[in-house]
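Heads up: the protein sequence lines correspond to chains A and B, in order. Start counting the first sequence at 1; every next residue gets the next number (our numbering). Start counting the second sequence at 1; every next residue gets the next number (our numbering).
No lab work stands behind these hints, which were simulated from the structure alone. One should not assume that every hint holds.
Stated by the list, open to error - Listed below are the simulated DSBU-like cross-link pairs for lysine-lysine, each with C-alpha atoms no more than 30 angstroms apart in a straight line:
id, chain 1, residue 1, chain 2, residue 2
1, A, K24, A, K40
2, B, K407, B, K120
3, B, K63, B, K251
4, B, K407, A, K24
5, B, K376, B, K407
6, B, K53, B, K376
7, B, K407, A, K46
8, A, K46, A, K27
9, A, K71, A, K46
10, B, K120, A, K16
11, A, K46, B, K120
12, A, K27, B, K407
13, A, K16, B, K115
14, B, K63, A, K16
15, B, K407, A, K16
As the list claims (entries may be wrong) - Label-pair ranges, simulated between beta-carbon atoms:
id, chain 1, residue 1, chain 2, residue 2, range
16, A, W11, B, A278, 43 to 53 angstroms
17, B, S64, A, A6, 34 to 44 angstroms
18, B, A405, A, A32, 16 to 26 angstroms
19, B, S64, A, K27, 36 to 46 angstroms
20, B, R448, A, G52, 22 to 32 angstroms
21, A, T28, B, M40, 51 to 61 angstroms
22, A, K27, B, A405, 18 to 28 angstroms
23, A, N55, B, I92, 10 to 20 angstroms
24, A, A35, B, V249, 53 to 63 angstroms
25, B, A365, A, T28, 43 to 53 angstroms
26, A, G52, B, F44, 55 to 65 angstroms
27, B, R448, A, A32, 43 to 53 angstroms
28, A, D57, B, R448, 32 to 42 angstroms
Said to hold, decoys possible - Computed footprint of chain B on chain A, listed as stretches where at least three residues anywhere in the stretch have a Cβ under 8 angstroms from a Cβ of chain B:
id, segment
29, 8 to 18
30, 55 to 64
Because the structure is a prediction, the values reported are computed rather than measured. Ideal placement from N, C-alpha and C gives every residue a C-beta, glycine not left out.
Spelled out, the chains give:
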Amino acid sequence: MWLSPAITLRWPDYFKPDSDDDAKIVKTAIDAHEAKLITKRAAVQKIQRTFGIENVDQFLLALDEEAAERKTNAPAFTAPTPQDNAPPPVALPITPQGAATK
Amino acid sequence: MAMIAGLSDAQAVLRANISPRAAHIERLESFVEGTQYRGMPDWFEADVQLWKKAPCISYPIVKSAIDSNTDLVLADGRFPAFTTHPDEDDSIFDDAGLNTEDSAVMDRLLAGISKQVRFKSACREIFSSAQGAGSGVAMFGVRAEKLFMDSTKARWCVPTFAHDGSVDTLEISYPYLEEFRDESGKWRVSAKLYRRVIDSQLDTTFLPADANTSGIQPIWKRDPLQTFEHGFGFCPVVWYAFMRGCSAVNKFDGQAIHTNYLDEVRALDMALSQRHRAALYAGDPQWTEIGVEQGYTPTGKARGMAMPATAAGGVASASNPVTSGYRDTSRVTQGRKKSPGDVWQYEAPDAKVTLHTLPGDALTAIDNHARDLRIKLAESLAVVFLDEEHVSSRGAVLSGRALEALKSRQLDRCDQYRSDVGDKLILPSLDMLLRVTKKSIESGRPLRLAGISKAFPILKRFDIADEAA
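One chain only, chain A, in its complex shape:
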């Protein structure tokens, strides 16, 4: 007897959203995630079609790897020097003749 393998059909949208629709979807996902209303997974699922993400799990892993890589490559923290604490230079007004005045 043949047992059919579990095959699932994924039907796409009837009409592709335009760029404005895509922008709204992405913004909604970011806002909801930043407001801690949805998980990162839910946010990725929301934008899955917009960016053609085939596998959400793999995509989340890739995001984590990228984040870890960024952390590794970030410059090491150093104590601020006295120059760092100096006030920023003040721009001097220019006279009509072109000479700077104080």
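Starting from the known structure of chain A, fit chain B onto it as the hints suggest.
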């Protein structure tokens, strides 16, 4: 064809060998093809009652609806992706379930099979014909070391079913006309019968046989050149009954989209034909003259129409001079000149000349009637036609959301079609292709298919008998 000897007899024999079911489906299909009025008196025939005439315009609203549905459900970019879920490990809770690696292998195999059998276009073709005929049929096998997925007309097919609803046997038979030369070399035509039977072991085509008016079946003889043993152990056929719903046990056909609207389609064609005839008859401005003597011409006599003849035929030129010509002399006395320089002048003081033209609203009533019928038919068929004026009033480009809103009625119906075609055609066909693949490899039949060596051990797991062995 009309003059060929034996045609009327052969057509009578042909009709005697068409079953009522096949005739019904043929009628449904004729409304898709626009041939439903064939054989009826011409629309411009004078001595025939209006309702008995064949409308001169056969508006293809059913075909347009079918095409639109097929575009929305199965067009490129809308065809469903199919997967065994490589992101899920089903082997944890199901012995026959696939782990992530096996799922990835199966997905690659499905992609290869789909490409080899032109799966998308085959499904589109079957879905379209099922909408018009009520049913569609898909046949599978291996030909020239490749998988194939074929189809044929549902009206020629009679399936029988197993308890689980799968096809047990499929018989394809139909009468047809064959032209041939008799002993004297004269062309004749006769009615023949075609028959092919596919079951769990054999695909048998029989030699063409003579049809007769009694409809009694001939003694069939196998055609050895077109008969072969596939040996799958199951009938490699999927029967797709379009939106069948609940129906009697002996009914295996689905419901064509226009089954209940044939009268309305004809009414629309009649209205369009009436409008067309009215526009033709009354649309050509007609002069009338009152108080003018019969035969009086208000201009000089016009020359009759002349057709020059040239040396080499065609248009006259320097290298192709006019050699002679043909002049229509029959209407010279009645012709009159018509040009800006030719003023029509009448001597009779009470002469009245009128040019009758069609008023702007002359066809409005029949036009509104035709539009109303078209709208009602579109509603019944659950299809939304985006007419040019409809779209242009909303700007040159409609966004996806706007199109969804405009076509919401049709999309709601297409959601049902997606479930129907997905569950009853696409998934069973993919399953059948996997079974055919497995059986073919198993029986040592050559099959060129990418990824099959890795996938075969996985396929074997779906056959319980194999596992038990």
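Here is how each hint holds up against the structure:
| no. | hint | result |
| --- | --- | --- |
| 1 | K24/A / K40/A | holds, 17 angstroms |
| 2 | K407/B / K120/B | holds, 24 angstroms |
| 3 | K63/B / K251/B | holds, 25 angstroms |
| 4 | K407/B / K24/A | holds, 22 angstroms |
| 5 | K376/B / K407/B | holds, 15 angstroms |
| 6 | K53/B / K376/B | holds, 23 angstroms |
| 7 | K407/B / K46/A | holds, 24 angstroms |
| 8 | K46/A / K27/A | holds, 10 angstroms |
| 9 | K71/A / K46/A | holds, 26 angstroms |
| 10 | K120/B / K16/A | holds, 20 angstroms |
| 11 | K46/A / K120/B | holds, 28 angstroms |
| 12 | K27/A / K407/B | holds, 27 angstroms |
| 13 | K16/A / K115/B | holds, 24 angstroms |
| 14 | K63/B / K16/A | holds, 25 angstroms |
| 15 | K407/B / K16/A | holds, 14 angstroms |
| 16 | W11/A / A278/B: 43 to 53 angstroms | holds, 47 angstroms |
| 17 | S64/B / A6/A: 34 to 44 angstroms | holds, 37 angstroms |
| 18 | A405/B / A32/A: 16 to 26 angstroms | holds, 25 angstroms |
| 19 | S64/B / K27/A: 36 to 46 angstroms | holds, 39 angstroms |
| 20 | R448/B / G52/A: 22 to 32 angstroms | holds, 31 angstroms |
| 21 | T28/A / M40/B: 51 to 61 angstroms | holds, 59 angstroms |
| 22 | K27/A / A405/B: 18 to 28 angstroms | holds, 21 angstroms |
| 23 | N55/A / I92/B: 10 to 20 angstroms | holds, 18 angstroms |
| 24 | A35/A / V249/B: 53 to 63 angstroms | holds, 58 angstroms |
| 25 | A365/B / T28/A: 43 to 53 angstroms | holds, 52 angstroms |
| 26 | G52/A / F44/B: 55 to 65 angstroms | holds, 58 angstroms |
| 27 | R448/B / A32/A: 43 to 53 angstroms | holds, 50 angstroms |
| 28 | D57/A / R448/B: 32 to 42 angstroms | holds, 34 angstroms |
| 29 | 8 to 18 | holds (count 11) |
| 30 | 55 to 64 | holds (count 4) |
Going through the hint list in order, the structure satisfies each hint without exception.
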